[in-house]
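J.: Below, each chain spelled out in residue letters.
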Amino acid sequence: MSETSTSQDLSFFYRFLARCMQYPDPQWMNEDFFQAFFNLVETLGANAEGKEIQVALEQSPDPIEALQIEYTRLFINGAPHVVAPPYASVYMDKSLQGAFALKTLSFYRAKGFAMEKDADLPDHLIHELEFLSLLAQENDLAGEEEFLTTLFRPWYKQFCPRVGQETRHPYYRMVVNLIDFFTTEEKKNGFQCNEA
Amino acid sequence: MQYGMIIDLERCVGCHACTIACLSEWEVPVEFHRNWVYRLGPSKVGNELASTYYPGLCNHCTKPPCVDVCPADPVKMTFTDATGKTITKSVAATWKDPINGTVQIDKSRCLGCGACVEVCPYNARYINPAMIDDVGDGKADKCTYCMPRVEAGLLPACVQTCITNARIFGDLDDPNSEVAKYVKKGAKGLEPKGGSIGPNSMYYGKKKDISLLFQDYTPAALADIDAINRRTMLTAMVKPAMRKAQDLGLLGLAGAMLVQGLGKEEEKKNG
Amino acid sequence: MAFNVTRRKFLQTASLAAVSIPLSKVVCAETGVTKASLEPKGTMNDTTVVGGLCEMCFWRCQMVGKVRDGQLIKLEGNPKSIDNGTSICARGNAGIKLLYDVDRLKYPLKNVGKRGEPVWKRISWQEALDECGSKLKAVVDQHGPQGICVFPHGASAKYPMHYFERTVGTHNVSEASFFQCRGVRDTAYMATINEAPEEYVDMANAKVIFLVGCHFGENIHVSHTKTYIKGLQNGAKLIVADPRYSASAAKSDIWVQIKPGTDTAYLLAIMNYLVQNKKYNQEFVTNHTVGFDKFSQSIADWTLDKAAKECEIPAAQIKEVADLLAANAPNVTIHPGRFSSWYGNDFQRGRALACLTALLGAYYVKGGWLPPKKPKLNKTSWAAAEHGNEHNLNFNNDKMHHPYAPPGTPTELIRDCAISGKPYPIKGCVVWGQNPMQTIPNQEKMKQVFKAMDFVMCVDVMPTDVTMWADILLPEASYLERFDEIKVGATYAKAGDTEPTQYIAPRYPMVEAQFERKDQVYITNEIAKRMGHEQDIPVQTLEELVNKTLEVSKTTLASIKAEGGIHLQPGKPAGAVPEDFMVQLFSDEIAAAGFPGAPTYIPVENVPAGHARLLFGRAPVHSFSRTQNNIWLHHAMPVNPVWLNNEVAAKLGLKEGDTVGFINSEGVKSRTTTIVKVTPGIRKDCVYMYHGYGMVNPMLSVCGGKGVDEQSLITKIAIDPESGVHGMRNNFVRLTKDGKTLDMPA
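Protein chains in written order, with my numbering: chain A, 34 to 229; chain B, 137 to 407; chain C, 264 to 1009.
Source of the hints: derived by calculation from the structure; they are not laboratory data.
Treat the hints with caution; some may be incorrect.
Stated by the list, open to error - Dumping the calculated BS3-like pairs for lysine-lysine here, alpha-carbon to alpha-carbon at most 30 Å: (1) Lys180/B <-> Lys542/C; (2) Lys542/C <-> Lys500/C; (3) Lys342/B <-> Lys304/C; (4) Lys320/B <-> Lys757/C; (5) Lys144/A <-> Lys320/B; (6) Lys243/B <-> Lys304/C; (7) Lys127/A <-> Lys190/A.
Treat the numbers as computed from the prediction; the structure is a model and nothing was measured.
Could you build the full structure based on these sequences and the hints that come with them?
T.: Structure, rendered in structure tokens:
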């Protein structure tokens, strides 16, 4: 498989993962979405976990509301506390909009990107995934690697286990693990597009 | 010229405006501070009750022990005064400015070894872990007397925000300055026991309050500089070798190439 | 979780057909970036935004913001300010950490769980407003407007409070700044000098400053603190009456280590001494007071010795203070205080302070009580309306329970009615910027109020403890993100000025509101539309509200912004005593209402054996219970140590830094623990803590559970009879250590 097409595929996955992290809304969180989601899970061989999610969704009288409640509790405001705000600065600066958010924004700019007016904060997980997707689309492998190493992994490695341990819905455990999966391999083996 | 700061404890109300303004101005990580306010007492001083504050910061000492221990390779640095006269001297990564008397740090050359942090009798320095480059993991950081602000014609952030004008900044060498007048009235610095390093941040106040401050916060005798030197030299030598590529901070594109290269090296080793 | 392939393998083999592409929010732009230096830049070169008006407390200092990349980096005093100048306090400086607090409310939330044990779900504004509007309307339809109670606090709560009071028509409004703070001071002075005193004391020019319980340094209002220190630097003698060696006591010339609750006895003895020895200002008393004879008779038995015994202070010291005041009259500051809801006998203390000021002739003089002449503004809001007294809980046939109540209805009358359903049901509750769980004593009772409701809505910037009781929780734009409140004042702009300068400083946003936070005009109007009051809406936007309020001053938001965020104009000197200014030393009106006509000391309950009185006050880095989750302020003072007398500590075997909990005389235990501060600077019969710690709501990730919430131990309720405000210092505690309860030594 060529270097470019792998990168295009990766771009696609980053976008899909960004979608998974949006506030659940039946408009997009529909049958097609779940089909794609379970396809992916199955392809990765996480059948048991996939089954667990299916059961959780089927057993809930209102599966989307259950996910909305869990999303609110994990990522917005929750009781007993907001578990895992999906912003890099929270982990790196212990505040929203800290210096780390500005660094992230600077990086986007250095690569020729800017935030849209109604976007969330630049260091929101969704936007970081979207940005990775755009880099992958441009086949900027060095940029992707650099972003992952310096701006993404340092906070995501704190965020991911927090969600994994605290979530009450297997869907979000899967989503953060999928994101982990698609953003870690470089760290272990260096980013390579052709099999050595 | 010797910049200095007077803290008038008759005016200070212990409100902490100075410490928070500093955090805000200089993006100090939340676990650290460049200046601080401790409340002292109420406790007995002689037969009287007293309670006051210790608003502390770097003393920009006349003979700063932190400068002597810096193990970074010295470079020649040229300082220019207001009249254009220059002084060139050999400095490590931290030095005492021969023009204005402040003690400064070159973050790009700091190894992050922590020797200066350890030797400072006032705990005025810390290693800022957010500052990382290919020279050091974390950099020594401290109060600069807000030199970038002062050079832009502003007051230090803590002085500007002080709600009772208890903090006064100026040139101690100028006999007409307000700070020099305070020294004449008896303002003094917290000299470590048996030392003579000449702290240039000084305190003025009621006798019982000054007694309480000096009784509680006179630093112990200076640490054994030789021991610190040996240990930090070792650390500084070992550190670059220990550093992992993945721990490197925010680099330019050239840096990313380096990361990639090292990653490949490692992969080969791991087989 | 382990996936059974590597990412690389997966990318090479996977079928991607079923995955859909969402829209991207990051788009291209033409910007470049250079490699940043490690040295922080400082804020000198950032964009300056003018017109900030602080609300970390309610003194409202004028500020400028430093903005970088749309992000607020720093707040500073506005150099144009003649009030706070370039100074702002710790809280003001830390405002950006409230703005960007990760726990801040971001979207409307609906509780889909039980009230008090919330399960939150993010909902749209549309849904949230529909819910609030329909539920509140249902309450009004079924029970009448009096079926709604409102707990407001702060600048943003004024507009909705007026809506519910005036347009909807409920009397049941309890504002924390009145009923749990300074309301009783204001009504005591109103009854005595016909004006609320504010803090209009000219300390900068005083020869003596007399503070009863005021603890400046721990309680910080910037310009007020400036004049206080200026006064001391000018040589004013400072007298501080406080059971504790407070920040002010530490600067005092005379510290009066008074027994808690006996302040009025102390003041009566000073006044009696002045009268008996003809050391009062006879000219002022003749021209500007009423009822001197009855007054002096009434206080005649308060000899120095009697007060010395009651207040547990030396008689000689009372005399010393009285003589010092008399010798320096009229240029003496008798400070009216601010937080005054202490012991349930506070109206009388307020009266005593006002009368003492009169005996010294210290009204309308340099160094005394000297109200500035401020610029006038319009009072744009919901149209005022009369709703009669049929449903006014403070009315009891033709009499009032608490005739000297501040505006609104005394809190306890509302709570009792809500819980009992008598005389009528209260079923809807609106909490706006107030945290009644920590401002109002007896938390269990507050919970019962919420449990009795059909509907509870909260509007706030932070998930404070009360927000756990909301059915709908709405995120508000903070004071840094909205227009609002206008601060006006008059002061001498610089040393040597002979005429004061007036200033008008409206609040401008420093940055745009993020997420889905909205301001009070939007929220209130949308609810009003849904309750059938669309035609009564006075303004469409907050900006319009401010501009209409400014109209009379011939300024606008635009014109003031162009002037640097503050409008300055020549003022008029405060002037001499107005001819009709009359001080009611003995008030026939108060007597007719069934209360003592002259200031009278009402003893408070003594400390029961084995206990200590629980006292609390301000920390300089916090405002009430609003700022504890601020990470900078939290780090400055993470817990509230309990002050314990050194001799008591020795007897109890406690050392500095020991961890202790509390149990009060009614058996209520503190939820958390704190550390001991051992000091000779507090009386043996009391302990002291800073207010606002030990929050319950774990949504507050910084401060949740840190320190002790002294309010949770305030379960015994004292009510000041004249005003109906709470007295909060009549609760008694024992310390607990390692599960053991320690009896306080006698």
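J.: Hint numbers the structure violates, sorted upward?
T.: When the structure is compared with the hints, numbers 1, 3 and 5 turn out to be violated.
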